[in-house]
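Starting from the given sequences, assemble the full structure and let the hints guide the process.
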Amino acid sequence: MAILDVRTRSGYLFLAVMLGHVILISAQVNSRSGVSLLESVTFGVFSEVQRGSSSGFSSVRNVWSRYVGLRHVEAENASLKRELDDVKIQLQERRALADRAKGLQALLDLRDRSNLQTMAAEIIASSSSPDFRTMTIDKGTGYGLRPDMAVIAPAGVVGRVVIPTLRSSKVQMLVDRNAAVGALIERSRAQGVAMGSGDPRLRLEYVSETADVVVGDLVVTSGIDGIFPKGFTIGSIDAVEKSGPSYKRITIKPAVDFSSLEEVLVVLTPTPIHQAEGGRE
Amino acid sequence: MKIAGILLAIVLALAAQTTIARHLAGGSAVDLVLVVVVYVALTSGSVAGLLTGTVAGLIQDSLLSTGLIGIGGLAKSIVGFVAGIIGTQFIVTQSLPRFLVFFVATVAHQAITIGLSVVLGQQSPGAPYAAVAGEALANAVVGVAAFQLAELLPGAVERRRMGKSRLRR
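Quick note, the sequences are listed as chains A and B, same order.
Each residue of the first sequence is one higher than the one before, counting from 1 in the numbering used here.
Each residue of the second sequence is one higher than the one before, counting from 1 in the numbering used here.
It is worth saying that the hints were derived from the structure and are not from the lab.
There's no promise every hint is true.
Said to hold, decoys possible - Estimated spans, in silico, between C-beta atoms of each pair:
hint	chain 1	residue 1	chain 2	residue 2	range
1	B	145	A	50	56 to 62 Å
2	B	152	A	43	28 to 34 Å
3	B	145	A	19	34 to 40 Å
4	B	115	A	19	58 to 64 Å
5	B	123	A	57	26 to 32 Å
To be verified - Which residues of chain A face chain B? A partial, calculated answer using Cβ under 8 Å:
hint	residue
6	10
7	13
8	14
9	15
10	17
11	18
12	21
13	24
14	28
15	63
Glycine residues also receive a C-beta, built at the ideal position from the N, C-alpha and C atoms.
This is the structure we're talking about:
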């Protein structure tokens, strides 16, 4: 079909003339929508070009904004991590404050319940070697503290003041091997003496053979020692060993967790022993 | 010069088409503009045929057509281009081949015109075979006559000049 070969100069001219005629005719023919066919086709083609260019532009813009966004996210991530660390520290501080407030509230409740004149004190040091179970509180004679004043906590009896100074005092814990406190089995009203042994448990001594003591019994202060007010919790019976009719060994698990104490109350109300000392003076 | 001659031929054909031909019996069946386009295509080639068809067709559409301008131009451009190719690829020097070319060119022209008009809603579908055949016949006769006339005319003038010079001697 050499005669219809459009790859020649005349062929291109023929195509151009045909295109010109088609455009000319299309400009005069209305489409179904009433718009000129040329206008309709031109707009349709151009709208596709617009759609393509818009799509391309949107893609480029999206890629760019995501790239920029990622850079911002990296900086924001680092900033948020720093902020999170700060918040964690603040949270710990708030939690510590809350715990402290809770402890102080418990002390206040204890003071209200006991109807005793007490002085709140903060534990500033403690020694927990087997030989010396003592702690140091931040109140001393300047606040009215004197030797042998009872030290209590919301959970129970802590110990007694042994060496008060002007601004601080040493407190002997119940678990010290030289400590002792008059005790009473709350259920059976059996009496004895709770003594420290240097380890975390107390021993209940001088209990009558006829006394009714079972594991789990609550042990409270009897008040006969003249130091500790009557009725404060010492702990609960942890083990009971009998040798014949007599008790061989009774151990008490202290109600107070000495390792976690932070604040205590010192009982300022004169006990009989203090009153006697006061009378002698 | 050649372009001016072609334009002049187109103008004359249009003038004759609109004035003389419609007063002659069967004259309305002749498309003198198409005859000029095919004649130019056969004598000058496809490009000349194409451009002549374009110009002549557009002028004819703009002057005579009441429908879309460009249908006649498109049809005459195609016919002029193809006729020009035929004229350069084949030996079309005898009356019969020329008659056939004019005849087929007219049929093709009508087919394109009617087809486009129907497609574009300018004319209801239908095939006026007799009218097309009559126009093709008339165009072919006029076209062949135009070739004969054009081939005789330069010789007649030459002969007349020769006779005058002989009388002077």
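Now the hints, each set against the structure:
1. 145(B) to 50(A): 56 to 62 Å: holds (57 Å)
2. 152(B) to 43(A): 28 to 34 Å: At 57 Å between Cβs, range violated.
3. 145(B) to 19(A): 34 to 40 Å: Given about 36 Å between the Cβ atoms, the range holds.
4. 115(B) to 19(A): 58 to 64 Å: violated (18 Å)
5. 123(B) to 57(A): 26 to 32 Å: Violated, at about 46 Å.
6. 10: With a minimum Cβ separation of about 5 Å from chain B (threshold 8 Å), the hint on residue 10(A) holds.
7. 13: For residue 13(A), the interface hint holds, since the closest Cβ of chain B sits about 6 Å away, which is under 8 Å.
8. 14: holds (5 Å)
9. 15: violated (10 Å)
10. 17: holds (5 Å)
11. 18: holds (7 Å)
12. 21: Check passed: Cβ of residue 21(A) comes within 4 Å of chain B, closer than 8 Å.
13. 24: Hint on residue 24(A): holds, closest Cβ of chain B at ~4 Å, below 8 Å.
14. 28: OK, holds: residue 28(A) within 8 Å of chain B, min 5 Å.
15. 63: violated (47 Å)
The earlier numbered hints that this structure contradicts are 2, 4, 5, 9, 15.
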